[in-house]
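Two chains, two frames, a set of hints: combine them into the complex.
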Amino acid sequence: MVKSLITLENEAKKALNGAKNLKELDGFFRVYLGKKGEITLLLKSLTKLTAQERKKQGKGINVLKGKIQQLFKDKTQELKQEEISSNAKGDWLDISIPGIKIKQGNLHPLTQVQRRAQDIFRSMGFAVVKGPEVESEWYNFDALNMPPDHPAREMWDTFWLKQKKRSINTKENFLLRTHTSPLQVRYMQQHNPPLRIIAPGRVFRYEATDANHQINFYQLEGLMIGKNVSVANFRAMIQEFYEKFFSKKIAIRLRPSYFPFTEPSFEVDMTCLVCNGKKCKSCGHSGFMEMMGAGMVHPNVFRAAGYNPKNWQGFAFGMGIDRLAMMKYKVEDIRLFYGKDMRFLTQF
Amino acid sequence: MHIFEVEGKEKKGKDWIFNIDILPHRGDAASHRGLARELAALLPRKMTTLPVKILKKEKGSLAPLRVKVQSPFVRRYSALVLEGIQITKSPQWLHDRLELLGINSINNIVDITNYIMIELGQPLHAFDYDALKNHQMLIREAKEGESVDTLDDLTFKLPKGALVIEDKDRLIDLAGIKGGKYSSIQSNTKNIILQAASFSGKHIYETKKQLGYTTEAANLYSRGLDPNATLVALARALELLSKQGKVRIVQVVDIYPKKELAKKILFDPALLEQYLGVSIPKTIAIQILKRLGFIVKEKKDTWEIIIPTFRQDINVPIDIIEEIVRMYGYEKINPIFAVSSILPSIENPIARLQEQLQDTLVKAGFSEIYSYSFIGEKDLQTFRYTPKDAKALVELQNPYSEEYKYLRANLLENLLKVVEDNTRRYAGKDIYVFELGKVFENTQQKIAESDLITGVINLPKKNDQAAFAQAKGVVDFLLSRLGISNSWYDNYHQTPLHSRTSLWHGDKIAEIKIGQKKIGFLGIVEPSITSNLKLKGSVAAFSLDIQELLPLIAKEYEYRPIPRFPAVLRDLAVLVPRTTKVIDVMNIIQIKGAQLIDNIDLFDMYEGDQIPDGKKNLAFHIIYQSAQRTLTADEVDELQKEIISTLEKNPAWEVRK
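In order, the protein sequence lines correspond to chains A and B.
Here my numbering is used: the first residue of the first sequence is 21, the next is one more, and so on.
Here my numbering is used: the first residue of the second sequence is 2, the next is one more, and so on.
Calculated from the structure, these hints are not laboratory results.
Computed from a predicted model, the values in this text were never measured in an experiment.
Beta carbons are placed, not taken as given, at the ideal position from N, Cα and C, and that holds for glycine.
Keep in mind that the hints are not guaranteed to be accurate.
As the list claims (entries may be wrong) - Capping the alpha-carbon separation at 30 Å, the derived lysine-lysine pairs in BS3-like fashion look like this: (1) A/Lys185 x B/Lys15; (2) B/Lys15 x A/Lys301; (3) A/Lys298 x B/Lys10.
Unchecked claim - DEER-style ranges, computed between Cβ atoms: (4) A/Gln89 x B/Phe604: 47 to 57 Å; (5) B/Ser503 x A/Leu113: 48 to 58 Å; (6) A/Glu227 x B/Gly103: 22 to 32 Å; (7) A/Lys348 x B/Gln275: 31 to 41 Å; (8) B/Asn600 x A/Glu227: 16 to 26 Å; (9) A/Arg136 x B/Phe604: 41 to 51 Å; (10) B/Lys463 x A/Gln209: 34 to 44 Å; (11) A/Cys295 x B/Lys463: 52 to 62 Å.
So that you can see chain B by itself, here it is in the shape it has in the complex (with noise of 0.2 Å):
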């Protein structure tokens, strides 16, 4: 409830595991002695202090070791040349508990280098002093084109900048990651260089995400280590291995351009009631301050508090107000409403046009899909992309998998799996389904991104013109839901609106538009789709761009007044010609009819049996209405015949008696 979280814990013989969340910006914790000394804080407790080894040197036989550090990415380079190592097996103790971890025990020198890492959180690493050629380290940054060989027997090729260890002649480290393979310990090693340094940490996670490679190393380095903890390090490593056996320095390298001195942030307390809700005492908060090793002095109105430089996280007067919240405790902290004055939430229409949309297509019987944002490789097959389609997909850099390597140009094509994954199971039955979401697509300057509402209708019988008109019936309904009169469908014109010519039947495919803007699409999709996804029937299509709607929907929607005179309906059946469009005949009647039609529904269009070849039947009703007065039955007959005779002007046309 203060700091981390225990994600686990587990008994492995006497010994308990904890499996412990560490933030990742408290690289100060992530070891066992900086867990023990929050926990110090915490309870209150003191800490124990820990066994070292004082950093004497002796004198030796040794070549003095020559250092040199080129890069301001080292913040310290501490090392110690030890002279007359044994490589042995580790001690029992540190076997076991290495293995518990989960570390494998190799040899006496590379398990106290990854003990320590985990004792005090600082990485060591141990080299062959003899396998150095000239007894020389260059510490530097990579030029271009170098590769390193590393003690796992990887080769890396260094992006520019990588810290690196070159000798005389090769590159013998991949600094802060990971151990040359040259300069490693071998079962005869005698001599050997005991590193401990200090990177800094953005350069070193810099370096890793370049290199897509990582180690337990690396990532405390990316966290941001104290440089001042390195000959500490040092002397408990000097600690473990006397007592294996005399141990004799004969070198201390220590270099530290910039000494890190601890920070000083002056703090004003009214900020803690200010930013909490809460009023914590003076003294309490001074109290868990102070137990974090902060120092505290009060002056007028601030505190001056100075950090010590193993909390590299804490810069700014309200990292210091997690700290003393988090310690005090969350908990306290009890609910109070703002009291700031609530001014009325702005509407957002864009929002609002959404969720009239989705509601309007409920009503007509539609599910709603939420589907990938992506497509993949085989899609581009199903769906046949040209080449030229395909390049205005919007392509990933790291793709999932090959099944969502391009951000969606359309819904259509999701929909459309959606259909085929369902037409065994409702077989027989009409699918209705929506989706309403953001496409992508790549145009000349950048990445165009918009919103459509697409719908897909699945008949189990093939009837194209039904499944249209089926379409185009949900689609006036839209838009009249929202208050628009003078939608209208126009021939397609090779101008695709967030589509591809290929989508869609050539034949059968209609823009749709408000006044001379075109704001979608209606038609019957390509059969060679529905065909790659064995779609039975036929299968109509509509897509909206929300965007393009916006600014043409009503604000306002007004009543229509109820006639006062009662209507008159007469029926009337053409047949004409099968290319004839039904809107033609329908024009031509409704010019005529002028005032007195109110409205002309065509309830049946056939072709087949008993009609001519070549030829269609449409069925009208046709509803006379005056908005002045009653119609006689002699009039509207007068006005029928009128139409009939002027639709039989045209020889093609015949009107059915």
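Chain A on its own, in the form it takes in the complex (with noise of 0.2 Å):
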């Protein structure tokens, strides 16, 4: 009698674990599963018995055989997988390599900050609205409660376009949007109140300039309109843009200003984001920077565009944006925005 089944099944495991490579177990496929292999030679030696005792030990035999194929293909895959590991491992290449740079493109610094603002009044219910301009002298001042005899007038810094002949009538003299205001009267000629609007746009001033002054420069127009909008309302609106523009807290403060279209008129302060309020050298020691001007809607706006003043009130506000990147990304000078270089533009 040859092995018991057993000792060949324990023979057989103790011969595939101890295969250390594929050429090993090369082997040892060879001894037990080959054409001559042991198992292979038993179950060949199943044809000399009579049919019961075949089947009788035959099942068993290919049990084993089973079990044994199974385990050698588990040990084959071990294997492959070492040997794939070890294959590379004189294989190494340097970290210190610097990253290959990207191509990429960039928004310009304030295109995102006056998306940024422009979602936040978004959030807000604020509808965002559009301009030319190009705009006539009676949007950009008599509309706005000034006449050409007004000497606020002076208070803007007028770029006039050239013309044959300057009209009486202010609807036919154009210049360049000295503020981004006349969309208040344009957008309440068009729509009914109540009404919740930033108006975004490029603006225009001559005036010389240096590192905080442009003849061309970005302004944000608000204006809320409704039966009962109030300075406070204001005070709580303001408040959370800025926090939300700064990523913190912040104080706002009102001081009285003019505008002669708005009364009461007021500058906007914001507590002074380098010191936050402990006052230092870039607050003049006051611990609030100067952000804006706003005010409530005077009257005679609200006149020009067709509104009754009567049963009518809200607040309105003009921000510059190029201020607002300025303090956000720290640029000490708003020329560079409008320069030529692309090693500044392209650090956004």
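Printed below as a string of structure tokens:
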């Protein structure tokens, strides 16, 4: 009698566990599962037996064969992976190699700031409105409670377009808008209150350029009109805006000011971002930074737009987008925004 | 926090100089006494009384001055004729005070007029009585073409309507703005006319604007002054003069056709809370108004408020609200969110399209530029403007400088200047820049304003075809992101859209069309312009009109199902004459292959070595694909053969096998 099946199984398992590489595994295969392998031969030897015996012994051998085949498969897989890993061992790469620069485009910083501001105002229910940069004298001044002889017009140094003759009708004289405020009237003429809008856009001033002044720059106008829209509402809304924009807690301060198209008019100050209100050089030791002008819409502006000032009231404001961008990115010279140097522009 | 801002303070000797920004509507506070009055109301304190001299006429030897007013813009004309004046140096205190305030001390008379103006905010002017011809003064509006010589040795051509004073035959004063040359105080002046007038602020403002010239007096008048303040100013001047020696008033002139009366405003106190969102106790509000010099009478539901005439800026009830709130303190208004219902904000389609365009170009590797809205005289040469082109430019009446004289008519020129500026910094590298903005053009009826988006691609090596193909790829990308499928490129015809022929290379430009609508341009920049700017390599550009594009973009963007059956790829190379258009070859392939061709991709276009002269080699990947079944290799080969034989029907074309 040959070996018992149990002995054969134990031997085979031992041999399989002992195999250290694929070559040894080949050897194992030949000894047990190959054409002349022990298990194969065992099966072949069954032909000499009677049908009954064959059935009895055959079952046990086939179970054993299946088991060993499975173990052989598993071991083969294991050794193959080991071999791939060990082959790769001597192989290395230099992790200090500089990353290859991705070719990427950039949105201008003023676009980014404008979008952020728009998003915050949209979340508070404001719609975005746009308008022309070449504006009539009437929309830029008269409609905003500044008839031609109004001395306050001097507060806006204006670029006028060359015309054959200045008309007495101020709707026929053209200039580059000095602020986005004409959109208050343009929008109110077309829409019924209540309303909340912002109007971002390019504006123009005839003034000497320096680190803080440009002949063209960006403003964002805001207007909220309703039955009871008050100064207190303005404070809440604008504080919310600045806190979201700068992602920090800030305080708002209003100071009396004068604009012909608002009454009362005020300047809006915000906690100095540099010192958080502790008073420093950047804020002139006041703890606050000047942010923008605002006020309650003047009845004459409502009249120009065709509203009855008895029925409606609300606030308007105009903030400088360039200034927001300068504060956000700590840019010290506004001229960089309109400059040609791509080393600046590709940083954003 | 309650009214004006201290812009700066500075110690000079024993004195402090405060630099205070007086708001433009507060003419009444633009003086030392005016500011003191404001402070007295705020603190509150009591104002001191100002020592003045009573204006008493004495007998003199001078012929009476005859004054005539001929303009409604003179609200009041007050003056004293003073006899026996001696022109001397000013007393030390007066001299020092003026110098501290940055005003040169001249003589005792001129200095007093300047000092009163600073102290009371009422401009004074002194004339030499004896310099007036025929001791007469006519205050009138200037006629066309008149001119006046002023005491600072300037001559002004006067705008019609400017207020002037005339003696018998000369203009002796530019009223409200500057004294005249012929009537000015001299060292030997003996008798003077001391004038304290009140002119219409708006009128003086108009005149100084037309003249482009201003003075402290003109600025004060422009703010709007109280006509009731003239005599006080004269009385105060006399007080200061009399301290220097005896002065004799021989005549008091006071022409005041329509006395300025205190205004009355009916005010509904409920407006306070309605407007401010804070409840201010009635008693406090009334107290504030009283401290400011207003008289308040409480009626049933309203207050009747009488406004002192020095407050020319208070006219309507909301002005009263401002007075109360600024004194009460803005800091006492607590933030309250508006309770009115929020309607969902309406989306602005133009703004949204602009954002999509910007984002897509950034994805394609472009950097966004913000350039000035202007171009200059020099640019007209650089960019080869013809006189006719220049005519279409919108010109400024008062440009900042020659460099910013016209409004830009396209975005390309300023972008090319950006490329020029960066070529050296980015030598050997591609430059991709774009700008989105407004451009302007004179058309027959009006000034046309358009929203454009323009991009420039600069390849460092000269290859116009490659640069063009890149730019075209970007335009394809832009339009496909907007869901536009029916765009095409037309040969350029001479009807530019926001552009000039001279900006583009005449043979390397295409119009971008959607259906039959022109929406923009694509091409190679005119070589002489790139040479003017010393740009290297090839410069391609594209420009789209956003307003034209807006109605054409797809509202919905639908996905295309992924093919269920495998694709088969075959390559095809054709040798064609240089001037053959790729699209002609592609069209033939597409038509022949019909439904079974999914895509034809030109992967190489080559002329040069190993290619016969005047020919170019086009190499395509053709992707065969059926939506219904798996194509067999035989079937595809058969189709490819048919395509080849169709292509070769053109004797100039040779398919390379």
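Tested hints:
1. Restraint check: the Cα-Cα separation between A/Lys185 and B/Lys15 comes to about 56 Å, which exceeds 30 Å; the hinted pair is violated.
2. Annotation: proposed proximity of B/Lys15 to A/Lys301 holds, straight-line Cα distance about 27 Å (limit 30 Å).
3. The suggested pairing of A/Lys298 with B/Lys10 holds, with an alpha-carbon distance near 21 Å, which does not exceed 30 Å.
4. Our hint of 47 to 57 Å for A/Gln89 and B/Phe604 holds, since their Cβ atoms are close to 50 Å apart.
5. At roughly 55 Å, the beta-carbon separation of B/Ser503 and A/Leu113 lies within the given 48 to 58 Å, and the hint holds.
6. In this structure the supplied range 22 to 32 Å holds for A/Glu227 paired with B/Gly103, their Cβ-Cβ distance being about 23 Å.
7. A hinted range of 31 to 41 Å for the beta carbons of A/Lys348 and B/Gln275 is consistent with their spacing of about 36 Å.
8. Roughly 57 Å separates the CB atoms of B/Asn600 and A/Glu227, a value that falls outside the hinted 16 to 26 Å.
9. Evaluation of the 41 to 51 Å hint for A/Arg136 and B/Phe604 yields a pass: the beta carbon distance comes to about 42 Å.
10. Between B/Lys463 and A/Gln209 the beta carbons are some 54 Å apart, a value that contradicts the proposed interval 34 to 44 Å.
11. Taking 52 to 62 Å as the suggested C-beta distance range, the pair A/Cys295 and B/Lys463 conforms, at roughly 55 Å.
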